[in-house]
Amino acid sequence: MIGSPLIAVRTTLRGSATPGRMRPRLVLCALAALTLFAFGLSLAVGVVSVGPGQVLASLARPLGLTLPWAVDPQHVSVVLDLRLPRALLAVLTGAGLAVSGAALQALFRNPLADPALLGVSGGAALFAAGAIVAGGALFGATPSPLVLPACAFVGGLLATLVVWRCAQARGRTVTGVLLLAGLALNALTGAGTGLLTFAANDAQLRSLTFWNLGSLGGANREIVAGVAPFLVVALVVLLRSAGALNALLLGEAEAGHLGLDVRRLTRRVVVCTALAAGAGVAAAGTIGFVGLLAPHLLRLVLGPDHRALLPGSALLGASLLLLADLLARTIVAPAELPLGIITALLGAPVFLVLLVRGRATWSA
Amino acid sequence: MLRAEQLSVRAPGRGASGDGRARLLLDDVSFTQRAGEVTALLGPNGAGKSTLLRCLSGALAPSTGSVLLAGRPLAQWASCERARRVGVLSQHSTINFPFTALEVVLLGRTPHCGARRPSAHDHRIAREALASVDGEHFADQLFPTLSGGEQQRVQLARVLCQLDERPQPEARTQPRVLLLDEPLSGLDLCHQQASLRLARSFAAAGGAVLVSLHDLNQAAQHAHRVLVLQAGRLQADGPPHAVLTPALIERVFATRTLALHHASLPHPVIAALPDEVPCTEATSSFTLSRPAAVPS
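Protein sequence lines, in the order shown, are assigned to chains V and P. Counting from 606, one number per residue, gives the positions in the first sequence under this note's numbering. Counting from 6, one number per residue, gives the positions in the second sequence under this note's numbering.
Treat the hints with care, since some could be wrong.
Cβ pair distances, simulated, as ranges [said to hold, decoys possible]:
hint: 1; chain 1: P; residue 1: R171; chain 2: V; residue 2: G822; range: 55 to 65 angstroms
hint: 2; chain 1: V; residue 1: A637; chain 2: P; residue 2: Q179; range: 36 to 46 angstroms
hint: 3; chain 1: P; residue 1: A16; chain 2: V; residue 2: A638; range: 57 to 67 angstroms
hint: 4; chain 1: V; residue 1: L766; chain 2: P; residue 2: H219; range: 26 to 36 angstroms
hint: 5; chain 1: V; residue 1: L743; chain 2: P; residue 2: A80; range: 42 to 52 angstroms
hint: 6; chain 1: V; residue 1: L957; chain 2: P; residue 2: A259; range: 28 to 38 angstroms
hint: 7; chain 1: P; residue 1: C118; chain 2: V; residue 2: R826; range: 35 to 45 angstroms
If you want the footprint, here are the derived chain V segments under chain P, 3+ residues with CB under 8 angstroms [said to hold, decoys possible]:
hint: 8; segment: 712-721
hint: 9; segment: 857-868
hint: 10; segment: 908-917
Just a few of them, taken from the derived set where beta-carbon distance is under 8 angstroms, the chain P residues facing chain V [as the list claims (entries may be wrong)]:
hint: 11; residue: S62
hint: 12; residue: C85
hint: 13; residue: A88
hint: 14; residue: V93
hint: 15; residue: S95
hint: 16; residue: F104
hint: 17; residue: E108
hint: 18; residue: L112
hint: 19; residue: T115
hint: 20; residue: Q167
hint: 21; residue: L270
These aren't lab readings, by the way, just hints derived from the structure by calculation. This structure is a prediction, so every number in the text was calculated from the model and none was measured. Ideal placement from N, C-alpha and C gives every residue a C-beta, glycine not left out.
Construct the complete structure from the given sequences, taking the supplied hints into account.
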């Protein structure tokens with residue numbers, strides 16, 4: 606008798622007879638709440654603790670609103686000038702990486718695809734490094750904040766195109782070649798970045814190390830304003846392609862038979878992932894595993910339907926990066942751990958567990 | 006309904022044969038597929054069956070010649086409109102992602118949905134399509150965990166669901182073509198028969214079916230018409246009993262056969278002859294009487 610209401614609750618939550626699946630709307634609401642919570646937390650927590658009321662009052666101040674909480678002007682500056690840009694950058698970069706990962710996995714019909722694994726992040730990092738080391742000579746002493754994201758974007762796009770062209774045979778994408786080409790390209794861009802490191806002076810070296818390990822520490826309003834348009838455009842286009850990406854999972858030929866323009870879709874996905882990953886890398890360096898982990902975690906509860914998976918990945922990627930960045934700057938405060946180390950340290954073991962748990966359902 | 010006019014396809018890349026001419030995968034193939042007809046496409050491995058089906062579906066542009074759907078070149082159809090008219094079941098398709106069987110079938114509604122989500126109507130059509138291939142009981146199972154034959158049936162249901170034009174009554178008059186590339190591989194005898202019966206009822210409802218097969222008896226039993234391809238050329242075109250003679254089969258498949266007649270079957274059964282059995286004109290076709298076929 607006690608069992609039946611429990612079963613009823615469980616079926617309401619899941620909404621489908623497929624084991625493990627949950628209702629998409631419920632999951633998305635929970636993820637949105639998680640993102641909001643993580644966002645608030647990263648505004649409040651740090652070397653200086655700011656109470657929730659004071660965070661709200663600080664956020665309301667530039668909007669011209671006065672809330673009933675008294676707030677220290679120094680706290681307002683901490684929240685608005687330091688933590689807000691950083692949190693916004695975490696949201697944008699995390700969402701960008703996770704959605705790029707999910708879209709690339711659909712494009713290559715392989716759950717292993719990830720901007721970092723395919724050399725996209727490597728290409729972006731190489732071009733960003735080039736801009737740092739040779740930027741003074743190429744773009745003048747004080748280049749605009751858009752130069753770096755633009756270079757990283759071009760690098761990411763080139764890397765994606767090279768890997769994708771390598772893996773094309775008779776209109777089909779050969780997955781093995783794809784992953785190996787990504788591996789080779791990663792080695793190549795790694796060597797290039799290494800050469801630039803060798804040629805760099807001390808100040809450039811510090812910036813380069815920052816790229817390679819990944820950090821949101823450089824966030825400020827200009828950088829957020831510089832990368833936000835790239836990321837927002839890429840995210841919107843990718844989210845709108847969700848239905849087409851579902852059909853693409855059947856195979857390129859099958860998607861064509863279902864009336865999709867596969868070449869155009871492929872081009873759109875390649876450009877947008879390069880845009881999102883490139884801008885993300887430009888602002889925060891190479892951050893691994895978010896693009897792999899978020900879609901994989903969500904497929905367990907949502908299934909592969911991109912109409913739910915892509916927005917879910919955006920929210921989960923954003924909250925993962927917010928929380929990882931929170932850890933990065935509080936664990937050894939007042940010093941900071943590089944963000945890329947945290948995401949890899951936490952992401953890799955979780956990913957291994959997912960792989961082992963799900964290996965039975967892999968067909969190849 | 007679907008017309009192939011002098012289709013030729015050159016082998017891609019450096020496929021030049023000894024005499025310096027490029028090897029042809031299809032060589033001057035012409036035929037008209039009529040509505041209401043199931044046509045079986047037969048031929049040895051590498052004869053060009055899949056290439057022909059790819060040309061007819063628009064996936065491959067022929068080197069010369071053209072494909073007309075309802076009198077209009079295939080390339081002139083809007084891709085979405087074409088997808089509602091021509092459904093293709095490919096030979097090899099794998100899905101690495103944990104879709105349920107029903108979700109795979111629902112993807113067949115993509116050309117009907119456009120940007121919107123599948124409606125309750127689409128769900129109903131998908132469920133019916135899955136039921137028609139005897140797959141209701143695994144509707145909620147994950148596609149990658151199904152057996153090869155079950156996956157094949159789900160894919161067939163997806164293509165049927167793609168061509169379902171209900172509730173528009175005027176859609177009945179529109180051309181609908183089903184192209185099946187070896188749909189029986191991996192199916193048990195019962196589901197082989199069931200799949201071909203589905204193809205026949207699709208044709209009976211005014212559609213056209215072109216199906217590549219390896220089993221000559223299945224072709225003889227279910228097809229209204231047989232096309233035989235060899236080395237890219239159309240060798241024969243006609244009703245199965247007229248085309249599938251031991252002489253043609255030996256010429257195309259390099260295999261000696263017997264055509265066995267049985268009173269309870271409307272067409273002969275084709276049986277391959279072991280090499281050691283001598284075969285003369287007299288024995289190449291004989292009749293089994295009913296008592297001989299059913300020993301008591």
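Here is how each hint holds up against the structure:
1. P/R171 x V/G822: 55 to 65 angstroms: At roughly 59 angstroms between Cβ atoms, V/G822 and P/R171 fall inside 55 to 65 angstroms, so the hint holds.
2. V/A637 x P/Q179: 36 to 46 angstroms: 44 angstroms, holds
3. P/A16 x V/A638: 57 to 67 angstroms: This hint holds: roughly 58 angstroms between Cβ atoms.
4. V/L766 x P/H219: 26 to 36 angstroms: At 41 angstroms between Cβs, range violated.
5. V/L743 x P/A80: 42 to 52 angstroms: 46 angstroms, holds
6. V/L957 x P/A259: 28 to 38 angstroms: 53 angstroms Cβ-Cβ, so the 28 to 38 angstroms window is violated.
7. P/C118 x V/R826: 35 to 45 angstroms: For P/C118 and V/R826 the Cβ distance comes to about 42 angstroms; the hint holds.
8. 712-721: holds (count 3)
9. 857-868: Our answer is that it holds, as 8 residues pass the Cβ test (under 8 angstroms) against chain P, meeting three.
10. 908-917: holds (count 4)
11. S62: For P/S62, the interface hint holds, since the closest Cβ of chain V sits about 6 angstroms away, which is under 8 angstroms.
12. C85: 4 angstroms, holds
13. A88: Hint on P/A88: holds, closest Cβ of chain V at ~3 angstroms, below 8 angstroms.
14. V93: 4 angstroms, holds
15. S95: Given a least distance of 6 angstroms, the restraint on P/S95 holds.
16. F104: With a closest approach of 6 angstroms, the P/F104 hint holds.
17. E108: Holds. Min distance 7 angstroms.
18. L112: Because about 6 angstroms separates P/L112 from the closest Cβ in chain V, which is inside the 8 angstroms limit, the hint holds.
19. T115: 4 angstroms, holds
20. Q167: 7 angstroms, holds
21. L270: Interface hint status for P/L270: violated (36 angstroms vs cutoff 8 angstroms).
Violation of the numbered hints given earlier is confined to hints 4, 6 and 21; the remaining hints are satisfied by the structure.
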